[in-house]
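Letter by letter, the chains look like this.
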Amino acid sequence: MPDVQSLVNDFVNQLKTRKIEGSQATAKQTAEFIRSVISQQRVPHTNQAATLINAVRDVGEQLIAANPVELAVGNVVRRVLHIIREEDHSLTTAAVAGLGLTAASDDENDVDRDDHPVLSAAVVAAAARSTLRPPSLQTLLEDMPDSAAIPPTSSSGGESEGKSRSMDKGSIGRKLKHDVIEAVNELIQDIATCYDQIAEQAVEHIHQNEVILTLGSSKTVLEFLCAAKEKKRSFKVIVAEGAPRYQGHLLAKELAARGLQTTLITDSAIFAMISRVNMVIVGAHAVMANGGVIAPVGLNMVALAAQRHAVPFVVLAGSHKLCPLYPHNPEVLLNELRSPSELLDFGEFSDCMDSASGAGSLHVVNPTFDYVPPKFVSLFITDTGGHNPSYMYKLIADYYSADDLVVKRRAVTGN
Amino acid sequence: MGAPKKSAVRVSEDTDELVRVPLQAILLADSFTTKFRPITLQRPKVLLPLLNVPMINYTLMWLESAGVEEVFVFCCAHSKQVISYLEKTQWLSQPNFTVTTIESHNCVSAGDALRLIYERNVIHGDFVLISGDTISNMSLTEALREHKERKKKDSNAVMTMVIKRSKPNPAIRQSRLGTDELFMAIDPDTKQLLYYEDKADHSKAILHLEKSLLADNPSLSLHHDKQDCYIDICSPEVLSLFTDNFDYQHVRRHFVKGLLVDDLMGYKIFVHEIYSDYAARIDNFRSYDTVSKDIIHRWTYPLVPDVMNFGNTATKLERQGMYRASEISQSQSAVIGPFTSIGFGTKIGNNTKISSSVVGEGCKIGSNVYIEGCYIWDNVIIEDGCKLRNAVVCDGVTMKSGAVLEPGVILSFKVVVGQGFVVPCYSKVSLLQQPVEEDSDEELEYADSTSAITSKVDTSDEEVASQVLDTQLHSASELGVGGVGYIWSKCEGGHEEEWRHSVAPIPADKISEAMKIMEDELELTYDGSILPPSGELKPDCNDSEDDDNEDSRDDTYFEKEVEATFLRAAQENIQEAHLILEVNSLKLSYNKVAADCAGAVFYALVKYALDTPHSSADSLLQNVKDILRKWKNVLRPYLTDIDDQIEVILKFEEMCSESAKAFAPLFTSILHFMYEEDIVEEDAILNWDDEKKDADDSDKVFVKQAQGLIEWLRNASEEDDDDEEE
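Line by line, the protein sequences give chains A and B.
The numbering of the first sequence is numbering that gives the first Met the number 0, which starts it at 0 and goes up by one.
The numbering of the second sequence is numbering that gives the first Met the number 0, which starts it at 0 and goes up by one.
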């Protein structure tokens, strides 16, 4: 355990000192880190799922506290918790199905699930059980292969489990851990490839000779635009520079290098340009459960301008950016104020900040994010396709289990 | 995804090649100064809280994030406290960041510390030299790379100093951080440091640069708007240099200046300037205040309370720069202003106002308390109705109801301020008595006295307690009823000007005073026909009003000189011709015109008359007449022009209304006498009357008084005119 703890401290430090930045990188590294935590976690014979969940929660709580503004950390932690629950459940149901409806099935394997009667657990289909609500159209479609795949395992694994229970406990434990790690690997894969998945849909949204406006820089937006370009679409891109970090400059450079017709404008020229724009495509920092977007500063202004001229406002977001929290949630610190040195040169203005001589009246505020309310967003494009803002809560419910929404409180009671 | 990975690998290879040894740092957890007394008698400076987090954490956190792998913390004063604190925190158990403490009790300066570290033989490569009170968020990579490249080319480049631009206050010649103005000469091409002076002689406003400096360097830029960040990247040679020169004590004063002066060994020091990053050292209470404010304003991001989250209590940033920890109980009617930080578990009562202050953990603040610009540490009890402005209040202080702290007060640990007691400006209050031995060699003395006191404090709390009892008995009066503590006498350790280093803002009168002094200096340099050393020294805002001031001040000097000369002449019966000669020379040296001289001489005459004993107004008039008659030849050379004569009348008028009111009733008769004696002509009086036509009534008193004379003159002149016409 000390090993794990020092690793955690190290990772927490990196998050704290903001050495890991950007939601995609954070999500990926968090997932990889949690994978290593899980693989180092020793699993007891009984109650494996609860042990794993507690371990992940403990670590997750520290990670979230280290950088509460980076919602991707919490998202990944919750995703992993959800994965553990699902895997555990599919194993339990498999075991229960194998054992048949004997009375002996009411054993310690089910401690984690003792709020559900065994009977119902056996009855409910594996696919539908993962969610405590009527299945959405998407889950039905997506989970079809899974539910089809479960019966064979239950029939094949059930035989051996029925014979020697002492052995199968260990094997279930190992299997659970193995399965969870497999699933987390898949999650990491998903996070890594979310650009491609989103970019694949580019052709459906960008049409010939359109004018696209974007602000700042987002890897997702870059890939999206380039994918459309590769499909021989010809269109123009207007890039707003995105003060004060001016990442729009980098994006413009990159787009121009890839042969896209690019125009760079200042942020203040957005309203003037918006009337000739066909679509606004931007990246997001996080998408909240109500469909609101936490986005780089300046985007609310863009959204307002787009709404004024009825220009579609499209937000690209990988699934790791979907956050199950609502923006009024006190747990969510919506914004982060960065150093004023991004705005002005300390040396040049140091005399205005000399509090000793009474001239210290210059204050600089440098927020990182804007909140764009759902009513301004026309469409979300995630790796699973395009969605309406009002649909986001449902999409989110597919990825997260309701028990994990608050990571912290449960961890305290769990201890 | 391939490209970034590849580049990352390449970078790490590069650094591997360059740094075979891990990057090391020496952190001096002792500043070897006495600026933070009396607080530092009981707790080392590096453990003083800066926004509720001990300073050393900021330094260590920066070193860690800047990629330093091994830190040697050198502890001297209160070493036990520092070590036990570090053991309590997670710093000693970091995986990629080793912190080792080195303890010593007999080091009295940074030089001694570095010599000791050299003996230990723990430093193997380039290292960062920093003290435990430095706050920074700069990235070291660039500075390190420059240092290493220079080192490759020239093995004599032993040190790189980090500097940052920061304009000093033009009036009082000190930086935002309360340190003196720093002058540096830097080679603009190579960034070599050629000259370093932080104790420039301001009274002369002259810098002395070695002639050879100008001869040897094709170009050289002189800066006074740079701030020394006290972050040095040193080669291992630095340690051996300290050992070779056993008299080096202070890193800047001895080592840096020593190397700059010494051309035999040819060691060179370079500077690295940072622009967007932040770095500053807390050297005194003024910089404590400034750096705290910079942190609140997030210049040190990510080293800000809500991100650092040091300790277990999360701090959240709310609107308008308010940092609040959890579990604060605050009354509905309490007003907490902007740029304030409130610590964990603090209670705040009704109608209390707090603005731009830092309040620590577990404080109890009563009702109707007013707190502005204060630094209140942990577990402080402030009862109802107290007023605190720009003070530092240490742990465990109790302020009884109605007590008042005036700006610049320092209350050390566990002091109790009595009910309704007003602690005067800039006082330092401690439970410990002020150490007596202060003067001779400050640094050596300091170490002795501290170690003595340290051991006392460390060994027995009981002793302190008994001292406290003593205090309660003896000095109940010193801090009001029920107060506990000694007020230290003000002129301590050569801090002749407390306001320079205090947390309180500089008083406006000090600034204006300083502005005046500065102008005087400028004037002197001009008068001595020496050009100021650089254009920068001249304030930009030297507009007409300043010139006026200068003139008026100049006038008074000139007048005094003339008066003194005249009195001497009158007493010693010096010939008129000689007196005129002397006045003329004064006229030239003060660059005055004839009118000024006329005014001044006249002033001197009348003053002399006034000072001559007289019984009544009549005798005074007689005096004046006698003196004027006797000395009018002295006046005459300056009265060739009508304007000069008007000047005399104006002068006289001014005197009557201000300095010599005794003359007021005699104004007309003296004026008439002057007319009769041809000191002033008719036209002058008439012009004077004309000039005064548009003036205020208050200015017209004497015109009205002289109305009869003026009328008479006018009529006379008209008659003359008539005569001529006819």
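Don't take every hint at face value.
[Claimed, not checked] Covered, in the sense of this in silico footprint (three residues per stretch, anywhere, with C-beta under 8 angstroms from a C-beta of chain A), are these stretches of chain B: (1) 33-39; (2) 81-93; (3) 269-277; (4) 421-430.
Read the hints as simulated data drawn from the structure, not as lab findings.
For clarity, every value in this text was computed on a predicted model and none was experimentally measured.
Backbone N, C-alpha and C fix where the C-beta goes; we use that ideal spot for every residue, glycine too.
Please count how many residues of the region 269-277 of chain B have a CB within 8 angstroms of a CB from chain A and say whether that reaches 3.
It holds, with 4 qualifying residues against the three required.
Are there at least three residues in the region 33-39 of chain B whose beta carbon sits under 8 angstroms from a beta carbon of chain A?
violated (count 0)
With a C-beta cutoff of 8 angstroms, work out whether three or more residues of the region 421-430 of chain B approach chain A closely enough for the coverage to hold.
violated (count 0)
Mind checking, does the region 81-93 of chain B have 3 or more residues with a CB under 8 angstroms from chain A?
holds (count 3)
Figure legend: structure checked against the earlier numbered hints; hints not met, in rising order: 1 and 4.
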